[in-house]
Every structure is written in structure tokens, then in C-alpha cells.
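Undergrad: Heads up: the sequence lines are chains V and H, in that order.
Here the first sequence is numbered in UniProt numbering, starting from 1 and rising by one per residue.
Here the second sequence is numbered in UniProt numbering, starting from 1 and rising by one per residue.
Quick caveat, the hints were computed from the structure, so don't treat them as lab data.
Backbone N, C-alpha and C define an ideal beta-carbon position, used for all residues, glycine too.
Treat the hints loosely; a few may be bogus.
Here are some chain V residues the structure puts well away from chain H; computed CB gaps all over 10 Å [to be verified]:
| id | residue |
| --- | --- |
| 1 | D26 |
| 2 | R79 |
| 3 | A231 |
| 4 | A428 |
| 5 | G439 |
Taking lysine to any residue and the SDA-like style, the derived pairs with C-alpha atoms no more than 25 Å apart in a straight line are [what the hints assert, rightly or not]:
| id | chain 1 | residue 1 | chain 2 | residue 2 |
| --- | --- | --- | --- | --- |
| 6 | V | K234 | V | K263 |
| 7 | H | K370 | V | A28 |
| 8 | H | K505 | V | H494 |
| 9 | V | K263 | H | A181 |
| 10 | H | K505 | V | G502 |
| 11 | V | K397 | H | K263 |
| 12 | V | K397 | H | N483 |
| 13 | H | K234 | V | K102 |
| 14 | H | K263 | V | A482 |
| 15 | V | K397 | H | A25 |
| 16 | V | K397 | H | M129 |
| 17 | V | K397 | H | D214 |
| 18 | V | K370 | H | R360 |
| 19 | H | K102 | V | P112 |
| 20 | H | K505 | V | D469 |
| 21 | H | K397 | V | T40 |
| 22 | V | K102 | H | G495 |
| 23 | V | K397 | H | T40 |
| 24 | V | K505 | H | V500 |
| 25 | H | K397 | V | K263 |
| 26 | V | K370 | H | P215 |
| 27 | V | K102 | H | D124 |
| 28 | V | K234 | H | K234 |
| 29 | H | K505 | V | T40 |
| 30 | H | K370 | V | A32 |
| 31 | V | K102 | H | A33 |
| 32 | V | K397 | H | A104 |
| 33 | V | K102 | H | L114 |
| 34 | V | K397 | H | K370 |
| 35 | V | K102 | H | K397 |
| 36 | V | K505 | H | P215 |
| 37 | H | K345 | H | R360 |
| 38 | H | K505 | V | A493 |
| 39 | V | K397 | H | P486 |
| 40 | H | K505 | V | E206 |
2 protein chains.
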Amino acid sequence: MTDFRSVAAATGQPQGPSFAVHGPADVANACAAAAEAFDTYRATDAEVRAAFLERIAEEILAIGDDLIEAAMQESGLPRPRLEGERGRTVGQLRLFADVVRKGAWQQLRIDPALPDRQPLPRPDIRLRMIPLGPVAVFGASNFPLAFSTAGGDTASALAAGCPVVVKGHPAHPQTGALVAAAIERAVAACGLPSGVFGHLVGPSNELGAALVQDPRIAAVGFTGSRAGGLALAKLAQARDVPIPVYAEMSSINPVLLLPEALKARGEALGTAFVASLTMGAGQFCTNPGLVLAIEGEGLDAFVAAATSSVAAAAAQTMLTSGICQAYASGVLALEGNAAVETLAKGAPGEGTQGGAALFRTTASAFLADKAMGHEVFGAASLVVVCKDEAELLALLKGLEGQLTATLHMDVADEPLAARLLPVLEIKAGRILANGWPTGVEVCHAMVHGGPFPATSDSRTTSVGSLAIDRFLRPVSYQNLSANLLPPELRDDAHGAPRLVDGVLKI
Amino acid sequence: MTDFRSVAAATGQPQGPSFAVHGPADVANACAAAAEAFDTYRATDAEVRAAFLERIAEEILAIGDDLIEAAMQESGLPRPRLEGERGRTVGQLRLFADVVRKGAWQQLRIDPALPDRQPLPRPDIRLRMIPLGPVAVFGASNFPLAFSTAGGDTASALAAGCPVVVKGHPAHPQTGALVAAAIERAVAACGLPSGVFGHLVGPSNELGAALVQDPRIAAVGFTGSRAGGLALAKLAQARDVPIPVYAEMSSINPVLLLPEALKARGEALGTAFVASLTMGAGQFCTNPGLVLAIEGEGLDAFVAAATSSVAAAAAQTMLTSGICQAYASGVLALEGNAAVETLAKGAPGEGTQGGAALFRTTASAFLADKAMGHEVFGAASLVVVCKDEAELLALLKGLEGQLTATLHMDVADEPLAARLLPVLEIKAGRILANGWPTGVEVCHAMVHGGPFPATSDSRTTSVGSLAIDRFLRPVSYQNLSANLLPPELRDDAHGAPRLVDGVLKI
């Protein structure tokens, strides 16, 4: 195959221009250019790098409505959602510009020489973080802007000083090409080497595999399926020089409805839950795919309201026909499971549309069947009814790692919540109260990460300013003269916070 | 085998008491106890945890000279070295006590709610680091105190709030048992659950494999051979839930002699170099195993002085007969390499003693033969003669990842050093000027780490206070009530630094 075409999500039919399929030679060229650009790019000062990130944001906005329309066509997501996502994408680039300027990401540390120390003098030792090297980024189909070509992985890697080679998602090649061209314009406008950003497209897995295996790639950012993330992690580990893979993969995002909250507002919770479940056709990494509660009247009210909301839910166009088929299979498997009761199905929809679905089972059935804990990507959720707190705790302890865990509670539920929290902390990257996990704020304190298989590396986040740490490593400098020290580590440097002899100075 | 005995390094003969060999049931028991202790231990406040670390230090000192004598017997290392190492071990525990008290390790971040933000309000989001879970520690034979049972991995994992299960090094079971008992006394004295520390001993690799494969283990710290580290990393990756392995493995620690420094003091550098090379029978991770310089008179003077110093060097007892045999094979391979010239060999020694050895080759021969770049653990080093700066740079670029890179230089060498630094930064965890890489300061700015294969994870250090980060992961809390928030994230908390809305507050 030498070219491929964009596919309209709504029809499953090819549309728009065709794109040349990149092959091994293109991968090698992009990686060589990235490696070539690395020293120049990482040596840029904070202002240059921050201005570059801001310029990318401006260039993306300057594309105008063509970008939104391309993304609507290719993803089937509605206009307001994509306009919001563009705002998020641009805001994320600007956040990282601010992070780069403030300089805390360098984690500067200075232990001055102690020439008179006994029994041995201490040398002068200074530490900073440096970028890992060229980063391969695999965008996600479900956020064609914010988790794709110029998404969080790209923004945080560029902020760290790493050139980026994006493997564009084949579900939105037009959108990807528009954004890639915007980044390329920003590279040129800022006078940076063109290898700072590379963009490869094609529908095959081989393309991505070749990228991860290229010896010049130093780290990988990925958002997508568990199978995809695990395959990339395996390739990365099998290299002569293994590299880190930050794969955000699979999560069913348990929502715990505590007894007093259920008693007080079971019905309202049921309605609000379905609004979160069906948002964007349920195609969020943080979609609430599992509801846990102790049996009782409050839960009955929740289930009744959620059931009627799901039954009334309109079908929605899914991102790709592959995702739509996988969703239908997942729903079918739950329907066919004798231990699972189908509470409601929304309007079935046609073609690439997916209808919402709600199921119920018992804690003992859930514990006995691992398959019930697997992600069904789309607007399906499973309510698991527990007999008591002990069963709820056992169920939580048996869960795999999650991006989020949600508690709905009242003040009177706090003692129970306090007993659950230590388990939730071990299971999830973010714990939230009285809200819904969909909606991931891009800020400093956000963790969009979590224990395996939510991600391949629980020590990190892919959203928020802490994401920059994924692409850095520490280097220390011992007794280097001021002329040779990186400027930010010299005695006369200022601006970035530093730890001097163990004491933090701002 | 049900028991095994300690072996005297000097004689290779069994000595002292025998030790029961632990098996799979002991691994399971230790891991179950660690998992059981985890929630209690991680919930301890800073003062309790810091006092515990300090108590371990006191208990180690309280063992008195028995500890030094056991370590001397088992490792063959001399008394002053082991007394120094005990000081380092105790100092390291106290450093982490200080780190725990200061609280920066928690990386607290608070993004307060913005209820009036448009188009959507921002929730209250707060982040802290939490410990990963029980950590398996594999001590090193070459530092029976500072990198073993109560070494840097144990100290940093305990500081992070992780219970530790040590797989004691079979080369020093007596030393290990004394230190393990000291830690156990500290656990009891501080009223902590006994599972906070576990100690497993035995001579087989199966014991360590079972430990890494236990599902309750959340991370691994290892110092040792490349083969050993890679084997553990492979096991860790193959688990149902993969876990991070921090293996510090293999480094030849290039020393670059720049032309002006060589001209000014080639002879003195040669003598000082051999002192570093032969220290502790060359059994340091940071031993200078590779010397790089551009040909000329200064280099000739260096080589002449180093050659006569090596020739005059006494043989020294090595840590184990296995290490001694591996060293002899490594030396033999270099001697038998037609492209390598043997400059000098020290006194050959008997039994488990190793003699120093110095070799010379050309850059082109080195570049053509990867085997020359492999670590020979012991007091052997290879001088690689480069024709010019271009050849030196090519050689550096071809090197594998290193723990350290050293520059000997004068002011007039600085322009050349500035051209070399970007390459050295990519290759090594620590760059030092006008010193020797042996001697790793335990401080805040130290990086004892580096790109693969120096370590399995270049993003970390195993020495210094930054080592605590290896055992932590971020969790964020969204809209939790003050009652449920961890105390350090509440509005009224004080002491630890925090990032509030992106602004660092001390």
C-alpha cells in the first residue's frame, strides 16, 4: 500500500484527500533528523522553548474552523466537544510554556564544596534534569487534538527539550496533517532545526513498531488500547538499549456510591451518572464503566433512574468502525453472561453508532469472573451490588489498577470513605469525591495515570504539568568550573528554585 | 541444600556459623508480612519514620567491632575501608531521616477550586506522592554495608514508606545477619509491624527470582552484575503486573585526559590514576576502567607513570573467588587480544587475590571490537589512544551508558571540554572534573546512575537523597473534604514545600 484515505466516522466511508503511507526509510529519516536536532534544541533557553510552545498554540488556533471540521468528520465527535478540546490543547501548550519559564522542572540541586570536612573534603556537586532524547508519540483516536499530534505527550516532551516524532493516528489523518503543519510552521518561525518535530502516517502497526525500535528514540508516549500499549512496551524492552514506554491503556474507573449519599439522592445520582457515561459516546479513558454499591433502597432508586436514562439515550457515532465493532462485542459478551442482568439498552443506532448499555451483577459473580473487569470502550457500565462493606472491600482489593476511583458520599459516609481510601490509593491515580471521572483538568496537581494496566508506569501522569518529568533524567556535575557548568547551575543564576545543601531556595 | 556457610574472602574457605537456606515458603511469608505492614507503615508520620531510620543507624553502630570484623572476613576489604563504609551507611540513614522530616519528597501540589471559571468551574485538586509498596532489595558484594542489607536502596525505600524484603548477598551472610538483626531491633523499638523489614538468605538465584515474582513486591533495587540485573528486569517485566527494577549494573567510567592537563602534569596524573584504579582491589562500580586521550608527549608521561605504578602494585584479596576468576578471565582476554598491548601487570597474588593490570590500544581498534568496552570488574584499565579530537568524539559517541565520565583539564582545555560535554551528558549520570570517579558522595545533588547498561533506568539514582523518588508514585485527590484529605494536603498543613496553583511555597 502506498497511500491511504481518511474515513468519515459517521459513514465508515473514505473521504477527503489520500495520504502517502510512510515506510521504514521515512522512520529512519525522521529519527535521524530528531537525533540531529536534539543537541541544538535541548540547549535552547527557557524563553526560546516557551515561545516555541506558545507559537504552536497560535498556529493551531490560526488553522481556524478547518481544523474543527476535519476533526468532526474524522472522529464523529460534535463541534462543541472539539472546540473545547482545541481550547484544552492550546491551554496545555501554554501551561508547559509557563512551566518551562518557571524552571522547577530542572530540579536544580547544589551541594557546595566543603574543603575542610573531615575525614575527607566534599567536592562541589550540582544536579539538573536533562531531556532523555527524541520521543516517539502515539496519539489517541478519542482525543484527536488534546491527546494526539500536538497533545499532552508532544507538549510535555517538547517542553522537556526532547524532539518529537509523532506516529499520527490513522483514524484522523486530515486533522493530524493540519496540526503537524502548524507545528512545522512554529518550528520554522522560531528558527529551530526541522528535526525538532517529525510526523509519520500510515495505517499499519509496522510503522509504529519501526519507530519504537529505532535506536535514536529514547522514550515513547502512547494513549490507546491495552493490547497496543503492551505490544509497544514489549518492543521497547527487547531493544539493545531498552527505553521507557508511557502507555495509558485501560481503565474501568470504579464509581462507589456510599450508603448515605444513595439514601439522600439515589435517583439524582442515577441520572447524572448516565450523563457522564454517555458523554462523547462513552469514549473517554475515564468513562465510569463500573458502579459499586451496597444493596438497599438507595441503590434501587439509583438503578431505576440510570436504567430509564440509558433506555432513553440516543445512539452516538463512534470514532471508528473498529471501535464500534469492539464495543458491540463487549456489550454482547455481557448480555450473554448468565451472571449478568441487562438493565437497559439505549437506542441501537445504525452503522458506526453505538447505543448505551447498563448491566447489573453481584459482587460474588464479579469476583468469580475476571472478564467482567475488562474495559468495554464505549457507553456501557456494570453495576455491582455488594452485600456489605466487607464484600465491597474485597471487590476493590481484587480490582486491577485504574486511572480514577470516584466516591459519592455525604458527611455521614466519611468514616466508611476513610476505610476505603487506603485501598483506592493503591488502585488508582486519582480519587474524586462527588463528581464524575470524565473531565480531566489540565493543571499542576492532576494525575492522569495509575497502576498497571491503567498505565504501563504508575510513577507518572500523562496530563498536567508533572507529565514533563517522564522525559527527563538527572545528571550531576562534580567540580566543574563555572565556565563549563550549565548556566542555570552557576552561582549567579537566578529564577528557578534550587535545593542548596538540602534547603529549598526560591 | 538446607543450609550454607559463610566463606572467608582471603582463603575461599568456609568459616563461622552456617545459615538456614530460605525457600519459596519463606519468600511468601516475608512478602505477605510486608504487604500486611504496608498500610500501617506508610501511614506513619514523618517524625516516626525519621526516628526509625535514625534508630537503625544507632543499632548498626551498637553492633560495634563485631560488624567490622565479620565484614572484613567475608569481603576481604580492609578495616579502614569498612569503618568508612559503616560511617557512610549510618550517614545515609540519617540523611534520609532529614529528607523525610523536610517533606519535599511528597511533592505536594494544590490547585484550588475555581468555582467561577468559564466555561467550566475548576474542581479542587491536590497531589502527593505515595509509596509504591513492598520493595525487594538485592545487596551488592562490593559494599557489604553501604549497598547491602541497610544500604542506600533499603534506606531510600524505607524513607519512602515502603516495607523492604532484602535478599541478602551470599558473599557476606554473617555481616548481613548482624545488620538485619539491627534493623529488626529498630522495628521493634519503634513499635512498627515486623513485616516492615524481611531478610532472606541463600546462595541460589532461584531465591531472588521467587522474590521478584511475588505479586506483593512492587519494585526492586539491585546492585550487581549486568547479567544479574538484566535477569531480574526480565522477570519483573514478565509478571502479570510488571514492576520497576532499579538495577545498577555495569560501567567502565571513562576518564578523559585533555591535552593541556596532560602536558602540565601527565606523570602526576598517571600516579594518581593508579591509586584510584587499585583502591579496594578495583572493585568499585565507578572504577576507572577506560582512559581516553589524544596522543602526544603528555600522554606518554602519563602512561609511563601509570605503567610503573601498576607494576609496583601489590595484589589484593578480591571479594569472592567467583569475582576473582571472572577478573582473571577478563584480564586474560585483553592480554590475548592482538590489538591490545599489555603495559603492566602488578604482582599476581595467590588464591583469591587479584593483581592490577594496565593495557593500551588505539581508538580505531577499540571502535572495531565491542568486547573491549565491556566491564572487567577489578583493578584493570585500558588506555585508548586517539589521533585527534574527531577520533575522541567518535569513540565517546560509540560508548555504552556509564555511571561517570571524568575530565582532567586545565583552563586552556575548556573549549575542548565544552565540545565534549554534550556527548558526556548523554552518556553518563555524573560528570566530574579533575578528580577520580571512585568516591561517591552521599548528598542531595549526587547521581549514581546513568544510561543503560550503567543502570536499567536512567531516570533515577541509587545514591543520594533523590533515590527516594524511585519508590514513589503520584496520586491526586479531587474535591475531597478536609476530613478525608491526607493531613499534609490540608489547608492548615505546614512544613513541607508545596506548589500552589503553580507557585512554589516554602
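Undergrad: Give a verdict on every hint.
TA: Consistency of the hints with the structure:
At roughly 24 Å from the closest C-beta of chain H, the C-beta of D26(V) stays outside 10 Å, upholding its exclusion from the interface. With 10 Å as the threshold on Cβ separation, the claim that R79(V) sits away from chain H holds: the shortest Cβ distance comes to roughly 14 Å. With a least CB separation of 13 Å from chain H, A231(V) remains clear of the 10 Å interface cut-off, as annotated. With a least beta-carbon separation of about 7 Å from chain H, A428(V) fails to lie farther than 10 Å from that chain, contradicting its non-interface assignment.
The Cβ of G439(V) sits about 8 Å from the closest Cβ of chain H, inside the 10 Å cut-off, so the non-interface label is violated. Annotation: proposed proximity of K234(V) to K263(V) is violated, straight-line Cα distance about 47 Å (limit 25 Å). A C-alpha spacing of about 24 Å is found between K370(H) and A28(V), which places the hinted pair at or below 25 Å, so the restraint holds. Taking the CA atoms of K505(H) and H494(V), the gap is near 17 Å; set against the 25 Å cutoff, the hint holds.
A hinted pair counts as satisfied when its Cα atoms are at most 25 Å apart, and K263(V) with A181(H) does not qualify at roughly 53 Å. Restraint check for K505(H) and G502(V): the C-alpha separation of about 16 Å stays at or below 25 Å, so the hint holds. A distance of roughly 67 Å separates the Cα atoms of K397(V) and K263(H); the hinted pair therefore is violated under the 25 Å criterion. Our distance criterion of 25 Å between C-alpha atoms is met by K397(V) and N483(H), whose separation comes to about 23 Å.
Among the hinted pairs, K234(H) with K102(V) is inconsistent with the structure: their alpha-carbon atoms are about 39 Å apart, more than 25 Å. Proposed proximity of K263(H) and A482(V) is supported: the alpha carbons are some 23 Å apart, at most 25 Å. With a C-alpha separation of about 23 Å, the suggested pairing of K397(V) with A25(H) holds against the 25 Å cut-off. Distance check on the hinted pair: K397(V) and M129(H) sit about 20 Å apart at the alpha-carbon level, within 25 Å; holds.
A C-alpha spacing of about 17 Å is found between K397(V) and D214(H), which places the hinted pair at or below 25 Å, so the restraint holds. Taking the CA atoms of K370(V) and R360(H), the gap is near 61 Å; set against the 25 Å cutoff, the hint is violated. Between K102(H) and P112(V) the CA atoms are separated by roughly 19 Å; this keeps the pair inside 25 Å, and the hint holds. Straight-line distance between C-alpha atoms of K505(H) and D469(V) comes to about 20 Å, which keeps the hinted pair within the 25 Å bound.
Restraint check for K397(H) and T40(V): satisfied, since their Cα atoms lie roughly 17 Å apart, inside the 25 Å limit. Pair hint K102(V) plus G495(H) holds up; C-alpha atoms about 22 Å apart against a cutoff of 25 Å. A distance of roughly 17 Å separates the Cα atoms of K397(V) and T40(H); the hinted pair therefore holds under the 25 Å criterion. The straight-line distance between the Cα atoms of K505(V) and V500(H) is roughly 16 Å, inside the 25 Å bound, and the hint therefore holds.
Among the hinted pairs, K397(H) with K263(V) is inconsistent with the structure: their alpha-carbon atoms are about 67 Å apart, more than 25 Å. Between the alpha carbons of K370(V) and P215(H) the distance comes to roughly 17 Å, so the proposed pair stays at or under 25 Å and holds. The suggested pairing of K102(V) with D124(H) holds, with an alpha-carbon distance near 22 Å, which does not exceed 25 Å. At most 25 Å may separate the alpha-carbon atoms for a hinted pair to count; K234(V) and K234(H) meet this at roughly 11 Å.
With a C-alpha separation of about 33 Å, the suggested pair K505(H) and T40(V) falls outside the 25 Å cut-off, and the hint is violated. For the hint linking K370(H) to A32(V), the alpha-carbon distance of about 23 Å falls within 25 Å, and the restraint holds. For the given pair, K102(V) sits about 44 Å from A33(H) by alpha-carbon distance, which is inconsistent with the 25 Å threshold. A threshold of 25 Å between alpha carbons decides the hint, and for K397(V) with A104(H) the separation of about 30 Å lies outside it, so the pair is violated.
Straight-line distance between C-alpha atoms of K102(V) and L114(H) comes to about 22 Å, which keeps the hinted pair within the 25 Å bound. For a cut-off of 25 Å, the pair hint linking K397(V) to K370(H) is broken: about 49 Å separates their Cα positions. Restraint check: the Cα-Cα separation between K102(V) and K397(H) comes to about 32 Å, which exceeds 25 Å; the hinted pair is violated. Using a Cα cut-off of 25 Å, the hinted pair K505(V) and P215(H) is violated, with the two alpha carbons roughly 41 Å apart.
Our distance criterion of 25 Å between C-alpha atoms is met by K345(H) and R360(H), whose separation comes to about 12 Å. Note on K505(H) and A493(V): the hinted pairing holds, with a Cα-Cα distance of about 20 Å set against a maximum of 25 Å. Between K397(V) and P486(H) the CA atoms are separated by roughly 21 Å; this keeps the pair inside 25 Å, and the hint holds. Simply put, K505(H) and E206(V) have alpha-carbon atoms about 48 Å apart, too far for the 25 Å limit, and the pair is violated.
In terms of the numbered hints stated before, the structure departs from hints 4, 5, 6, 9, 11, 13, 18, 25, 29, 31, 32, 34, 35, 36, 40, listed from lowest to highest.
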